[in-house]
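Residues per chain are reported as follows:
There are 2 protein chains.
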Amino acid sequence: MRVTPRKKYLLTPGPTPVPEEILLTQAEPIIHHRTPEFKKIFTEVSEGLKYVFQTKNPVLVFSSSGTGAMESAVANLKQDGIKFLSVMGGKFGERWTEICKAFGADCEVLEVKWGQSPDTKDIETKLSGDKAIKVILTTLCETSTGSVYDVKAIAKIAKKYDALVVVDAISGLLADEFRMDDWGIDIAIAGSQKGLMLPPGLSFISLSGRAWEYVDKSKPQAYYFNLKKAMSSGEKYDTPWTPAVSLVIGLRKALELIKEEKIENVWKRHNFLAATCRQAIEGLGLKLFAQNPSSAVTSVMMPDSIDSAEFVKFIRNEFGISIAGGQGALKGKIFRIAHLGYMNIFDLLVGIAAIEFALHNFGYKFSLGKGILKLEEEFLKEYKKEI
Amino acid sequence: MRVTPRKKYLLTPGPTPVPEEILLTQAEPIIHHRTPEFKKIFTEVSEGLKYVFQTKNPVLVFSSSGTGAMESAVANLKQDGIKFLSVMGGKFGERWTEICKAFGADCEVLEVKWGQSPDTKDIETKLSGDKAIKVILTTLCETSTGSVYDVKAIAKIAKKYDALVVVDAISGLLADEFRMDDWGIDIAIAGSQKGLMLPPGLSFISLSGRAWEYVDKSKPQAYYFNLKKAMSSGEKYDTPWTPAVSLVIGLRKALELIKEEKIENVWKRHNFLAATCRQAIEGLGLKLFAQNPSSAVTSVMMPDSIDSAEFVKFIRNEFGISIAGGQGALKGKIFRIAHLGYMNIFDLLVGIAAIEFALHNFGYKFSLGKGILKLEEEFLKEYKKEI
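Going down the list, the protein sequences come from chains R and H.
Residue 290 in this note's numbering sits at position 286 of the first sequence, and the numbers go up by one each step.
Residue 55 in this note's numbering sits at position 51 of the second sequence, and the numbers go up by one each step.
So here's chain R without its partners, still in its complex pose (with noise of 0.2 Å):
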């Protein structure tokens, strides 16, 4: 007999589940994009997309990972006399340098201690020292370590000195308050297999007007990625290059949902989520990685006595649920647990029931149920506030 389940559960940063109404979508006959049909749906997007962003400038659409859309911020931005600083705290600072390399951009490194987020003050410290940085390349949520970083202030002090903020918010939109306009950020980036709840295969950038002015004094080493070719179709509401149909479809009907449920409400949600899992972490006598805390993504220290590569291996294997490992440096030393786009509550306590059992299983010694004792415990406190 196999008691153990066959059914499958993601609890990835990414890709995240898909809600069924979205699934359906997919499944649906391909119309073309070069239609008033398609122009309707794509017209949609874009204006739920700015919502999304907290932005009144355009958001283009890619169809590519969200790595695509960070190239196109490097390789649009690049040219004579501006030098890049890259907020380097985990794997995603990481591929901002590297990108930086591959274009053969000025690039500065900042290093922020794995699991910290970056200090204000030494950014300070960074834009005073060079007046030639002129781009602040960083994130909103490292998913590597499961930190947000505090862009709002990132970007005041960005402005002090005249530079750009270029926020990798691929992992955090949706699940960290983000205000793009408000908060004075130049160029945001997001992907679709988080938050927005959809399969991968779309990115999205917004660029603000200063951040336009840099790019059109660019000869940008880019031709899928070319953000003036992209902003010229995307401003008719259309895109250069034949889009990624069915998730475009797709993306209207999850831009829909998050319009109905309101931003602010989905930033709570996540919020809630997040702090009940780290509470449910901490009840098991487990330590969190994050300084400040990602509301998309929870990091755990694994105990010394366990490889947590096999910790998350064996929760796939055994009980068919995806959480994810460390990156890098981290690797076999912390697990991630997700929270992020269409998860709630019982999500959290199947996840939390996994990572006990696998406990149980590699030895560790703790009350067994005391973490998802503690879901059901804040669960019925937020509940009472609800109703």
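Hints should not be assumed to be uniformly reliable.
For chains that are exact copies, the list does not tell them apart, and a pair is met inside one copy or across any two.
[What the hints assert, rightly or not] With a cut-off of at most 30 Å between alpha-carbon atoms, the simulated DSS-like pairs for lysine-lysine come out as follows: (1) Lys388 x Lys369; (2) Lys388 x Lys317; (3) Lys164 x Lys257; (4) Lys130 x Lys95; (5) Lys60 x Lys160; (6) Lys374 x Lys385; (7) Lys272 x Lys221; (8) Lys335 x Lys388; (9) Lys388 x Lys160; (10) Lys240 x Lys87; (11) Lys374 x Lys105; (12) Lys43 x Lys263.
No wet-lab data here; the hints were simulated from the structure.
For clarity, every value in this text was computed on a predicted model and none was experimentally measured.
Chain R is already provided as a structure; the job is to place chain H on it using the hints.
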């Protein structure tokens, strides 16, 4: 903010959750049923059904709910000089009596207290007291009370008095052990939306040689549900009327999954989930309703202070989880949670957590988390035996 989930969870004793790969078959283009392609599928399905019924006799397929197949049994057996005995200990026993009434069949009733299973001695008393009784109508799992009936023992007594045994195995099949041929069951009936993990829409019936002797002699008040007509097609792996093509295609997939797991393991899995569910319920201080509980569904006495209909409604409205209330005389007095078909320990965890949330909301005094802890403990015990 709404922290409460909007996902839907099905923990009812039918319909039950449908596996992802079967859902996908329901979106495939419809093929014609009078083609070699469909004939191959229907042949496979017909063989697979014999396995789940544990019979060598053909299993006939109707496009109807299970009630249709129940009707076909009565309508095709009814004849002069034959009296039915309806074993009536719940809503589905009542259904047998109602069908007899609708067809003007001579029907004796054995009243069984709801929540109890029939005493075979009482059946013997009926049979020995009235030689005209030639057909016993009974259920495997009386879904309305969550009771399993010892149909093997009933069949033994029936044989002694040369009576047929007709078993409504609609909710019990694949959850409770059932061996049609070995146990000498004459007619067995099932439906698609239970242990077979399909959407509703198909019913199944299989008859022993003895049963066919009676059917052959009858002049049935039946056209759609004429068993001789169904058999003349069925023995050629065909149906007289248009079959529900996509459900049959889904059924092929379901039977593959069951064969892969092996029926003994399917029974054991249901048995484990049912036993674990009962422990969780008792851990919450609640009382079980059924004297001999089925492995398909657990029926629970609602504390007097709570109306179980309100309780079930609250769980559905607030948490998106469907469990069942009481039917008929049990309305308001019991609730029922299923562990039937495509379900696992995590489904139970979600169900029991929701029950804990609701009990808390209705002011019932209990130790929060005790039900879900019990599930974890029992799962780990069983899991250890597996590895």
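Is it within, between, both or neither when you check Lys43 against Lys263 at 30 Å Cα-Cα?
Classified as within: same-chain Cα gap 20 Å, cross-chain 49 Å, threshold 30 Å.
Identical-chain pair category, Lys240 with Lys87, by Cα at 30 Å
Neither: 32 Å inside a copy, 79 Å across copies.
Within, between, both or neither: how does the pair Lys272, Lys221 come out at a Cα-Cα threshold of 30 Å?
Answer is neither; intra-copy 40 Å and inter-copy 70 Å both fail.
How would you label the pair Lys374, Lys385 (within, between, both, or neither) given a Cα cut-off of 30 Å?
Classified as both; 17 Å inside a copy, 18 Å across copies.
First find the shortest C-alpha distance between Lys388 and Lys369 inside one copy, then the shortest across copies, and answer within, between, both or neither for a cut-off of 30 Å.
So Lys388 and Lys369 pass the 30 Å test across copies only (17 Å; inside, 33 Å).
First find the shortest C-alpha distance between Lys388 and Lys317 inside one copy, then the shortest across copies, and answer within, between, both or neither for a cut-off of 30 Å.
between (37 Å within a copy, 18 Å between copies)
When no copy is named, should Lys60 and Lys160 be tagged within, between, both, or neither for a Cα gap of at most 30 Å?
within (19 Å within a copy, 78 Å between copies)
Checking an output row: Lys164 and Lys257, CA cutoff 30 Å. Within, between, both or neither?
neither (40 Å within a copy, 64 Å between copies)
Within, between, both or neither: how does the pair Lys130, Lys95 come out at a Cα-Cα threshold of 30 Å?
within (21 Å within a copy, 77 Å between copies)
I want to check one pair: Lys374 and Lys105. Are their C-alpha atoms no more than 30 Å apart within a copy, between two copies, both, or neither?
Classified as neither; 47 Å inside a copy, 56 Å across copies.
Is the C-alpha distance from Lys388 to Lys160 at most 30 Å within one copy, between copies, in both cases, or in neither?
neither (38 Å within a copy, 56 Å between copies)
Classify it for me, Lys335 with Lys388: is the Cα-Cα distance of at most 30 Å met within a copy, between copies, both or neither?
Result: close only across copies, 28 Å inter versus 40 Å intra.
Violated hints for the displayed structure, listed by number in ascending order: 3, 7, 9, 10 and 11.
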